Amino acid sequence: DQVAGTTHLQALLEEEAGKLLERYVELVRTEAPELEGVIRLQSDVKIGDIRETLCQMAVDNKASTMVVGSRGLGVVKRILLGSVSSYVSHHSKVPVIIVNGAPPGATEETRRDSKVAVDEEKKD
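Be aware that the sequence shown starts at 223, since it is given in the numbering used here, and climbs by one per residue.
These are calculated hints, taken from the structure and not from any lab test.
In this text, all values refer to a predicted model and were calculated from it rather than measured experimentally.
There's no promise every hint is true.
Computed beta-carbon distance windows for the label pairs [stated by the list, open to error]:
| no. | residue 1 | residue 2 | range |
| --- | --- | --- | --- |
| 1 | 283 | 237 | 19 to 27 Å |
| 2 | 319 | 227 | 35 to 43 Å |
| 3 | 257 | 233 | 26 to 34 Å |
| 4 | 254 | 281 | 22 to 30 Å |
| 5 | 229 | 265 | 16 to 24 Å |
| 6 | 227 | 320 | 33 to 41 Å |
| 7 | 242 | 270 | 12 to 20 Å |
Here are the simulated DSS-like pairs of lysine-lysine, each with C-alpha atoms no more than 25 Å apart in a straight line [to be verified]:
| no. | residue 1 | residue 2 |
| --- | --- | --- |
| 8 | 284 | 268 |
| 9 | 315 | 268 |
| 10 | 241 | 268 |
| 11 | 284 | 315 |
C-beta atoms are modelled at their ideal positions from N, C-alpha and C, and glycine is treated no differently.
Please build the complete structure, drawing on both the sequences and the hints.
See below:
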């Protein structure tokens, strides 16, 4: 349901969103080359309820697993806004891995140290 005269705006937004997603996919490929051939990265711009869209995309793409992030909004915000990760974990037809974001107050150094720790564990 579009507002009259906004079709060009939606097309522009979809185009810009596509470019942004492609940059993120490239960033993951650059920062984690060891994932090449292990996971399939894909970016799509879809219009609709993100919760239902993610669940449907997992089925359409025959995904073996879905990984989603969690912002840790807290109970009140989750009740008011809804939680994508919660919805997906309860409705997805494929297993879901929920990754929590960095803890409040985390610095760039803390985030880097966490990544290094994970990388070191992989080597053992």
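Hints violated by the structure (numbers, ascending): Per hint list: zero violations.
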